[in-house]
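Please put together the full structure from these sequences, using the hints given.
Those protein sequence lines, which keep their order, are chains U and P. Per the numbering used here, residue 1 is the first one in the first sequence, and the count goes up by one each step. Per the numbering used here, residue 539 is the first one in the second sequence, and the count goes up by one each step.
Note that these hints are calculated values from the structure, not bench results. We put the CB at the ideal spot given by N, CA and C, even for glycine. Certain hints may be false.
So the derived list for chain U, only partly shown, Cβ under 7 angstroms to chain P, looks like this [claimed, not checked]:
{"no.": "1", "residue": "159"}
{"no.": "2", "residue": "160"}
{"no.": "3", "residue": "277"}
{"no.": "4", "residue": "278"}
{"no.": "5", "residue": "281"}
{"no.": "6", "residue": "335"}
{"no.": "7", "residue": "366"}
{"no.": "8", "residue": "367"}
{"no.": "9", "residue": "501"}
{"no.": "10", "residue": "507"}
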Amino acid sequence: MSTTAAAFTGLVVLGLAGALPVVVGVGLRWVTLPLAPLAGAVLASLAATAYVALGLSFMTWFVALAVLGAVAAGAWWLWGPTLGLGRTDGKLGVSEGDLEETVRHPRDHRVALAGAVGALIVGVTCVASLRGIRTPTVGFDARALWVMRPGWFLQSHQQLLVDLKVRGLVLTQSAYPPLVSAASAIAWKVTGVHTARLGVVVTAALNGCALAVAAFAVADVGRRAAIGLSGRRAAIGLSGRRAAIGLSGRRAAHAASAPTPWTPLVAGVVVAALLVLVAAGVTEPFLTNGYADPIWSLAAVGAVAWGLQSPRERSAQSIAVVLVLVAGGAKDEGFVTAVAIIALIAVRSLAGVVADHGWRAPLSRLAAPVGLAGLELVIIGWWPELMQVIGARGASSTFTIQSDLTSRTTAVVHGMSPYLHVLVLAVPVAIAGGVVLSGVRRRTDTGNDLWAWAALACGLVAVAGALITGQGAIGPWILSTVHRITEFPTLAAWWIVGTWGVVAATALVEGNHRVESTSGEATPVGDAPAVAQAKVSA
Amino acid sequence: MLRVAPPDGSDRRGRLPGLAVTVVAAVVAAVVGVALVGQASRGSAVVDRQSATSTVRNASLDNAFYRCIDIQAHSLVRPGQRVTLSTSNLADVITLIKGTGSWVTVADPARSADVVLTLRNGQTGPGTCSGTVVVATSKTPDGRSVVRIGTGAEVPGQGPPPAPPL
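Printed below as a string of structure tokens:
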């Protein structure tokens, strides 16, 4: 079997494993397509962790977890709180979640066309950005670690433990999170092709998926802006659910008052495609040589975009869950950054619940974001904790208080600065946008970009902190890693810039007549009475 | 309480005139557009550099070198044999890990190994991986050491392949 066919097969297997949970959580949207293999990679990562912890075999765990995920997704779909059988009022039919989706994503031919064309453009741009894969490069760390460990996961349990612990293998990075290696191991196992090259191609394909998902978030800003401008957003933010239930689905879906404008739709797609090209430039050559840095960086950027910049609705939050699990399961730096993003998403959700319901909000609504965050932390924290427990090579903490903190800090600042030039653009754009265009941004249902800046700062501090307090010689360490470990903050800044670009394009065509609720939310005239209590989400 | 936004497009509940919003939006859109197009163009050039002749040649040489090490090691280690990698030279250990780490059955403790793998560099003639050969040392049942040289693959030239980017 050729490497291309084997990589495609591996990706299909990963996609099938992750498909049902993603479809139930996200719905049938364009973003579902690249997200499913990433969810499958998360399952592979969990399977690797379970194999190390409990034995049996890697593939047994992968199949079991895939089945478990599908059954859980099916059960949630049938009996969960957002769909018919699980509705608290006992009524079958259109659920609150479905209605919300209907109102937010109405069947508009312009929106549908832009969605299809946008998905095609972003997809083609992503594939074109992976053209470096034609060069058969296998990176140093890739050959020594990321696409070498798949073989370990296919060995016996006893041998796997030896591989992870024996000091004679020298390389201390063996304890790094397993997602990239585990995804490659799935491809190796199902195709019988055990080559580093296959691991590199599978990893590059997953990078492309993460890049596409992150780019779709920006296109989605344009889509929401267009719907908002046309009046089809009908009336409700997340906090207006009760008001929405009061409307019939048909009335909500057909509450159009103006044709959908093309400008935000086109702006969203164009910016998303440009961001794909920008991201490829930032992450190459590591995008296509088997390193784990791009996948955690891109997934973290996507998690910020969907979890902290999109409306607090089920679909966006489900995407963010998959992406933080990818970021947290791919590399140590990704783990630290994912922890920060999980915390930020939970805080934002709690703030939203309090804004919607006040401090006397139902306990279940307050507990849900905390519980979800806790579950995510347990999942991504399982591997590093396990490495400590089994005494894996390189699992001990390198944290120490260095006597030369000042000089190390200076070296880190000087080392990182050349890779963070985008901040010179992003900061003034964000300030200008925040002062003048924040109203437009709110009306596109896009979250405050301070959330994105907080995530960027957390990622930057985490990496810089590791360098400053680590034990390695700072000069060579920075020289050999800085361009990779600054990928997340660089990309996050570009996504902030791109989002403001879409908001600015929206502002240029925003209609003059609109009815605003007391909170400043733009709503269509026809539905104004039904939505007077609507608030600005996020 | 509902209110109708003024027809001049004012924002932030009327505090900012519509013209200011439009001007700032136009400036932001233009700056972001120019920056994104410029950086996207640069990004595309970076991607294209991965297809440069020298990059392709180095990558092919790197792959051939480690494929050669892999095949030679396979010629020396039977399935199920426990292996240890000689730690006398750190660079050689890392080369062996990169070439064989995914499939060898690593012995623990090292003294229980059936085969000790090491590299011998600076070799000339055919049958070497760019001047390097894999060497296996094992013990016979009567305690004698047997040294064998890997076979089955060769890469012409001398010296390790150029290091790929770190």
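Results for each hint:
{"no.": "1", "hint": "159", "result": "6 angstroms, holds"}
{"no.": "2", "hint": "160", "result": "10 angstroms, violated"}
{"no.": "3", "hint": "277", "result": "4 angstroms, holds"}
{"no.": "4", "hint": "278", "result": "5 angstroms, holds"}
{"no.": "5", "hint": "281", "result": "2 angstroms, holds"}
{"no.": "6", "hint": "335", "result": "21 angstroms, violated"}
{"no.": "7", "hint": "366", "result": "29 angstroms, violated"}
{"no.": "8", "hint": "367", "result": "34 angstroms, violated"}
{"no.": "9", "hint": "501", "result": "3 angstroms, holds"}
{"no.": "10", "hint": "507", "result": "4 angstroms, holds"}
Checked against the numbered hints given earlier, the structure breaks hints 2, 6, 7 and 8 and satisfies all the rest.
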